[in-house]
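Kindly generate the complete structure, drawing on both the sequences and the hints.
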Amino acid sequence: MNIKHRFFKFKRDLNRWSLLLLIILAAVAIPILTIGLKLFDGPGDSWGHIVDYVLFDYLQNSLLLAIFCSIIVIVFGVSTAWLVSRFHFPFRKQLEWLLILPLSVPAYIMAYAYAGVFGYSGLFSNIVDAVGLDGFRIDFMNIYGLSFVLSISLFPYVYVSSRTFFLAQATNLLEASRMLGISEFKSFFKLIFPLARPAIIAGLVLVLMEVLNDYGAASYYGVSTFTTGIFRSWFSLGEPETAIYLSAILLIIVFGLILFEKWQRRHMNFTSAKTSKQNYSSKLRPKKGHQILFSLICFVPVCLGFILPVIQLLIWAKQTFAKVWNVEFITITLESFGIAFITALITVLVALLLLFFTKWNKIELLKSSSKLGVLGYAIPGIIIAIGVLVPSLYIDKWLIEKNITSKLILNATLIALVYAYVVRFLAVAYQPLESSSLKIDRSLSDSSKVLGEGNFKTFFKIEFPLIRTGLLSAFILVFIDILKELPLTLIMKPYDVNTLAVKAFEYASDEMVSSAALPSLLIILTALVPAIFLNKLLLKNASNS
Amino acid sequence: MQATLNISNLSKSYDQGKVKALDDVSFFVNKGDICAVVGESGSGKTTLIRLIAGLEELDSGEIHIESQLVASIKKNIAPEKREVGMVFQEYALFPHLSVLENVVYGIKKSKSKKDVALETLNLVGLKGYEKRYPHELSGGQQQRVALARALAPKPSVLILDEPFSNLDAMMRHRLRNEVFNIIKKTGVTAIFVTHDTQDALAVADEILILQNGKLVQKDEASALYKKPQSIYVASLFGNTVQLNKGLQTAFKCPLKEDCCHAIRNESLTVNQDCDYVSEAEILKRTFLGTHSQLLLKLDNGEHLNVVTNEPVLGKTIKIGFNSKDVLAFDE
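Chains as they are written, first to last, in our numbering: chain A, 1 to 545; chain B, 1 to 331.
Treat the hints as calculated values from the structure; they're not laboratory data. Values in this document were obtained by computation on a predicted structure and should not be read as measured data. Yeah, the Cβ is synthetic: ideal placement off N, Cα and C, and Gly gets one too. There could be a bad hint or two in this list.
Claimed, not checked - Taking beta-carbon pairs under 8 Å as the criterion, some of the chain B residues facing chain A (in silico): (1) 40; (2) 53; (3) 55; (4) 57; (5) 69; (6) 77; (7) 80; (8) 88; (9) 94; (10) 214; (11) 216; (12) 217.
This is how it looks when you write it as structure tokens:
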């Protein structure tokens, strides 16, 4: 095609949706572009010192955390997923959804709870003293303890992704393997594990993103990671330039992870291999002894990841209730829920616009780049915070210099905070919307158009009524994620506004970790909603497929 | 006669030009005619109708509907403004709307919207089904609702995408005649895509054959059957045996070297006098109910598969054909 031809085609296909899509993509890209552009300003004064003395620590700690967490989450996540999808054993049904519950406990809250369990008058020391091993203590506030608390709160990602795979995978492969004389146990390692690898890694990458994103747990346990380093450079050293340099390195690691995940899936489309409609609905019934063992294996992570920390928090909450429960606490709760509610609404709306503008846009290049709009979830909250903070400070400064306003309009206001949340959680809203809209046959919207209705009317009359469940799940998921969010909120929140997550963090940092229990429990309680909801969706999808 | 649909030099490719779906296709359809588009899967049938409907954008060429330019490299009229009706392969009935609401959907603002819809439902024989929902209907009823919905706005061109592929054989034959009787009654110009040549032969005024995105032949049904322009077209309409050198020797029928020749299976005769004959040994006999399939070994050792409905006894037969039945193509 010659250039003139291409130009005519471009001109013909360019519509207002293309332009609107471009605006959304630009808005999402600004924080990341900012980091890239600011690199040209050079690093701060301490950069040399950081490179010489602490950068290696950051790298080493982050790497060790990644390795330890990967091992623990795979062991917990894959084994439990396999057991619940393949065998019958007592309480299997209950354990199936109980195993998702640790996801409702944010890593930093898990860290506080375990600091209590292993603390001087905690559960662990009480038990140890009771059995006569006086004075035996485990030092938990280090990188190993951190790996444990991160893993135990994040392993459900791997559990969910592997279980989805196991549920969707046809049994006939396994049956063929059994017929060829390979035992169930051996078949798992020879056949199922390699087949499930892409699904497991997809879940693992989500875990690693969260590990890199964590600030609360690492800072409380005193482990230096990139995130804590970025915080320190900005807020203790007062060197935004250095913080940006560290952010850039972290960004490269994150993009590396994304590319790795894409690469490992390049030739693998195992899950779509529709070999048989029959799946693991026909579960095996092992010997009684094995059945009890399987129940126990699945119960351990539930206990460690949910029951134990919640008990610790309940004990603390009882002790500190009178002190913590006051007008301020109620105000914070309302503010927290209010911010999460409004932002979730806006995020779902933007995700919806992104999805449909992409559909209505006819320019190929834009269509394929619209996925960039949902990269935010992979990028640590702290980097997005910095990426929003820098330009908003710049705009505020300019507005004040021009005498248009006398105070900050963007920086440290809800506008900047909501904007940062939307960039970070757009993907969370986008995915359920996308999958529910993919379930609608393309010919439905096509026939509406052929019958004379434009994009907009087709959306309201046909697509909107059919994706309502997707909208609801998108809203709930974003709402919870915002309620739990810590590092981004810590940096971006207005001075006079507080959230439950930040309040819990403040209590813990001020050596009043027991007072953090009440806000923490409230967050967990709210987050339980999607944990159960997610399981229902998973079961529904499995039975549909 | 005036052409309702006029297509010139239409091309479309996917994947940045890597996959050519349609390559320089030109044809027209006269007012009130029913035109069938036939081809193997991947031949570009679906792309062609999606371009006509405006659901995709062309790479080059032009589409005119009722003498109005609707698509070119500089212009693309949105599907909702083209006055094209479409019956989708899976019917695409809106699951959350009742039968009546589905049919009313596309009717332009008028006071008698509901009357028009009821009238059309009556036309397709679904009076009394207005309040039902799509999932409460049988496959054939859904098909007719889809047809009513597409006809109700009175389109200039009606497109049907594999209209009978979801129905079983019995239903298919009955509904095929019903549907096209209705279409003829309304006088709308129709274009329908099918991979079943029986459908095309039965109801189309004209048939259009696509192969690898190219238009290879467009003709009336009988002309297409009698004078196919390529072995591809011939084989779409029934089993065809290509007369290669070996077969020509066996039947002692020297044919011109610069063309390709073939004979239809139904033109082969068993134990009858005809222009070219060969002795054949029966290697295998497969009983298929109304007819049987024979695997033959000819005089010179060539193998040939023949389907016949005549009773064949013995181990050897005489197989032959007449010269008037030989199909010749420039290939």
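Interface restraint verdict for residue 214/B against chain A (beta-carbon cut-off 8 Å): 19 Å, violated
query: Per the CB criterion, is residue 55/B less than 8 Å away from chain A?
result: 5 Å, holds
field: residue 57/B as an interface hint toward chain A, with CB separation required under 8 Å
entry: At about 6 Å, which falls below the 8 Å cut-off, the nearest Cβ of chain A leaves the hint on residue 57/B intact, so it holds.
Interface hint for residue 53/B, Cβ within 8 Å of any Cβ on chain A: Check passed: Cβ of residue 53/B comes within 6 Å of chain A, closer than 8 Å.
- prompt: With 8 Å as the cut and Cβ atoms as the points, is residue 69/B at the interface with chain A?
  reply: 12 Å, violated
- request: Tell me if residue 88/B is really an interface residue toward chain A, meaning its C-beta lies closer than 8 Å to one of theirs.
  value: 4 Å, holds
query: Close enough to count: is the Cβ of residue 216/B nearer than 8 Å to one in chain A?
result: Check failed: Cβ of residue 216/B comes no nearer than 25 Å to chain A, outside 8 Å.
query: Should the interface hint for residue 77/B be scored as holding, given a Cβ-Cβ cut-off of 8 Å against chain A?
result: 11 Å, violated
message: Quick check on the hint: residue 94/B CB to chain A CB, less than 8 Å?
response: Interface hint status for residue 94/B: holds (6 Å vs cutoff 8 Å).
message: Let's test the interface hint: is any C-beta of chain A closer than 8 Å to that of residue 80/B?
response: 5 Å, holds
query: Is the interface hint for residue 217/B satisfied, with its Cβ closer than 8 Å to some Cβ of chain A?
result: Violated: closest Cβ of chain A sits about 28 Å from residue 217/B, beyond 8 Å.
Agreement of hint residue 40/B with chain A interface, Cβ distance less than 8 Å: At about 22 Å, which exceeds the 8 Å cut-off, the nearest Cβ of chain A leaves the hint on residue 40/B violated.
Checked against the numbered hints given earlier, the structure breaks hints 1, 5, 6, 10, 11 and 12 and satisfies all the rest.
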